[in-house]
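J.: The primary structure of each chain is shown beneath.
2 protein chains.
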Amino acid sequence: MTWADVRGIDSHGAGSLLHYERLRAAGKLTLAAETRVVREDEATALLDGGGGLGHVPAEIAMGMAIERAREGGVATVAVRNSGHFGAAGAYASMAAQRGLIGVVTTNAARPAVVPTGGAEAMLGTNPLAFAAPTGSGPPLLLDMSTSTVPVGRIAVSTRRAGRLPSGWATDRRGRPDRNARRALAARRLTPLGGDEEGSSHKGYGLALMVEVLSTLLPGTAPPSSGESHEIGHFMLALDPARIRGDDGFGAALDRLLARLRASPALDPARPVLVAGDREHAEAERRRASGVPLDRALVEDLRGIASRAGVDFPFASR
Amino acid sequence: MTWADVRGIDSHGAGSLLHYERLRAAGKLTLAAETRVVREDEATALLDGGGGLGHVPAEIAMGMAIERAREGGVATVAVRNSGHFGAAGAYASMAAQRGLIGVVTTNAARPAVVPTGGAEAMLGTNPLAFAAPTGSGPPLLLDMSTSTVPVGRIAVSTRRAGRLPSGWATDRRGRPDRNARRALAARRLTPLGGDEEGSSHKGYGLALMVEVLSTLLPGTAPPSSGESHEIGHFMLALDPARIRGDDGFGAALDRLLARLRASPALDPARPVLVAGDREHAEAERRRASGVPLDRALVEDLRGIASRAGVDFPFASR
Numbered sequence: 001m002t003w004a005d006v007r008g009i010d011s012h013g014a015g016s017l018l019h020y021e022r023l024r025a026a027g028k029l030t031l032a033a034e035t036r037v038v039r040e041d042e043a044t045a046l047l048d049g050g051g052g053l054g055h056v057p058a059e060i061a062m063g064m065a066i067e068r069a070r071e072g073g074v075a076t077v078a079v080r081n082s083g084h085f086g087a088a089g090a091y092a093s094m095a096a097q098r099g100l101i102g103v104v105t106t107n108a109a110r111p112a113v114v115p116t117g118g119a120e121a122m123l124g125t126n127p128l129a130f131a132a133p134t135g136s137g138p139p140l141l142l143d144m145s146t147s148t149v150p151v152g153r154i155a156v157s158t159r160r161a162g163r164l165p166s167g168w169a170t171d172r173r174g175r176p177d178r179n180a181r182r183a184l185a186a187r188r189l190t191p192l193g194g195d196e197e198g199s200s201h202k203g204y205g206l207a208l209m210v211e212v213l214s215t216l217l218p219g220t221a222p223p224s225s226g227e228s229h230e231i232g233h234f235m236l237a238l239d240p241a242r243i244r245g246d247d248g249f250g251a252a253l254d255r256l257l258a259r260l261r262a263s264p265a266l267d268p269a270r271p272v273l274v275a276g277d278r279e280h281a282e283a284e285r286r287r288a289s290g291v292p293l294d295r296a297l298v299e300d301l302r303g304i305a306s307r308a309g310v311d312f313p314f315a316s317r
Numbered sequence: 001m002t003w004a005d006v007r008g009i010d011s012h013g014a015g016s017l018l019h020y021e022r023l024r025a026a027g028k029l030t031l032a033a034e035t036r037v038v039r040e041d042e043a044t045a046l047l048d049g050g051g052g053l054g055h056v057p058a059e060i061a062m063g064m065a066i067e068r069a070r071e072g073g074v075a076t077v078a079v080r081n082s083g084h085f086g087a088a089g090a091y092a093s094m095a096a097q098r099g100l101i102g103v104v105t106t107n108a109a110r111p112a113v114v115p116t117g118g119a120e121a122m123l124g125t126n127p128l129a130f131a132a133p134t135g136s137g138p139p140l141l142l143d144m145s146t147s148t149v150p151v152g153r154i155a156v157s158t159r160r161a162g163r164l165p166s167g168w169a170t171d172r173r174g175r176p177d178r179n180a181r182r183a184l185a186a187r188r189l190t191p192l193g194g195d196e197e198g199s200s201h202k203g204y205g206l207a208l209m210v211e212v213l214s215t216l217l218p219g220t221a222p223p224s225s226g227e228s229h230e231i232g233h234f235m236l237a238l239d240p241a242r243i244r245g246d247d248g249f250g251a252a253l254d255r256l257l258a259r260l261r262a263s264p265a266l267d268p269a270r271p272v273l274v275a276g277d278r279e280h281a282e283a284e285r286r287r288a289s290g291v292p293l294d295r296a297l298v299e300d301l302r303g304i305a306s307r308a309g310v311d312f313p314f315a316s317r
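Sequences listed follow chains A and B, in order.
So the first sequence is residues 1 to 317, counted in the working numbering.
So the second sequence is residues 1 to 317, counted in the working numbering.
Simulated from the structure, these hints should not be mistaken for lab results.
Check the hints yourself; a few may be wrong.
[Unchecked claim] Quick look at which bits of chain A chain B covers, simulated, 3 or more residues with Cβ under 8 Å:
| hint | region |
| --- | --- |
| 1 | 8-15 |
| 2 | 93-100 |
| 3 | 249-257 |
[Claimed, not checked] Chain B stretches covered by chain A per the calculated footprint, using a threshold of three residues with CB under 8 Å from any CB of chain A:
| hint | region |
| --- | --- |
| 4 | 14-26 |
| 5 | 81-92 |
| 6 | 265-278 |
Even for Gly, the Cβ is constructed at its ideal location relative to N, Cα and C.
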């Protein structure tokens, strides 16, 4: 959660504790869960998260994938019976920090994405993260939901104007729903692409790919509409040095990213970015000046600490 | 090419021969290329395509990935110094036909996709294919460019109304270009998502992920704006039975796909589909009634056969 808060990914930061406390109160979260290795061999492994939060099994899984990929060049670890694991990019970054490429997917607990041509949400916002090590500077880091926007973006919009762009959510008849509050309750988000004309079947297909890798590969139960269900994760690590047979990957990625950043921008004041640039810049700012938490969130966190019987670590200002 | 033609993916069918003949005439294609194994080990390999068409090295690469994934559960093979390989889905399907999950990416020879916030095309339409084996019926098969539409869709539009939907291509100032003929010449397509509001940074990020896997992982030269450059491919095979430790993957995928296909449709006459359904249905039709080739294409193919000094295999009707 701190990893996300530092990078400005507030939807996966400390605010997640409110969601986790609700899950615990509803008996849907085993806080004392132990991660168990179901099976493992040289290049693959299967973990069971014990029905707890996903952060711990996900970190163990990527650690095992990294270790194996350093031996054999490629490795995959699947996790079943897990829970929400925060930002997928946190685990993909673990690979990049060790000179490897990391790919991470997870399904989501509640359906929120409507298939192209469909009237009801059938899949989660099913994120995909990809990280690759550069020669210098922070890793290339793509961390995206496969919907046009994640649920958190709709939630943020309820607090602002309350109006959504027309391609983010639909009503039961497939028409754009531009009322943020109603759209948040209805959970009928569009797949990336927005509508048929915009090729939303591709976003829908990506969400399905993520569902298969995250739930069917580890053998987790697929979603049942409207109810909470099991969450699974997929982790892949690749060693570019082993596959290429040389150490040129990082420098080649530096050149590619430099070419993109130097390419002509529509607005000279807003240079072309690559995936991860925005979050890296925010991390630099927040490491210097701290992570802003709004007053309501601080009070919520204080309440959680009190109900959990632990000291609240932040002083009020 | 036949694989694509049978499935109605006409952009990658026999019509591709026109493009390949132009490449050959321009000296950009070594037709007598030999595929060479640069290095290999238990779970990975690197091939060199010898500067020829990609079809042969891609098929060899996925064959090697499948063989290794059956031994170790996961394998990846990268190809450099290759060429256009047709439909990415053809190689991903090879894995699914053998009970494995297949992932395939390739870069493209000419830039056609404009980064979010950028004014010039910097990446190709960089496709991604994913195939997974079902218990019964054809595999799940996602085969998509990471742009809103591939270049071929723009070309097809020049023959029809000549007007494009507003989210497909842009002019130099980032405004929608709805003139199909002009957009085809300008090659300034949008990443999946269409514009900033539609999260085009995700399509751009996916195109960049594909570029990294297809060119930097095998050590192929990255694109240089406007010029032809080397093409590389990335192949990944995963064995669900090995990773899960049981044979339940296919049946679980059947259930997931059945649930999606049975989900409420906006138009009851157009049921919700899953990736690959449309192509599979078209293949059923074309296997029965043949592949329609329009007269102009048949004449083009006859000309290619004549210039290549080979018999033309199709009788005129």
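J.: Would you mind marking each hint as holding or not holding in the structure?
T.: The hints, checked one at a time:
no.: 1; hint: 8-15; result: violated (count 0)
no.: 2; hint: 93-100; result: violated (count 0)
no.: 3; hint: 249-257; result: holds (count 5)
no.: 4; hint: 14-26; result: violated (count 0)
no.: 5; hint: 81-92; result: violated (count 0)
no.: 6; hint: 265-278; result: holds (count 9)
In this structure, the hints that do not hold are numbers 1, 2, 4, 5, in rising order.
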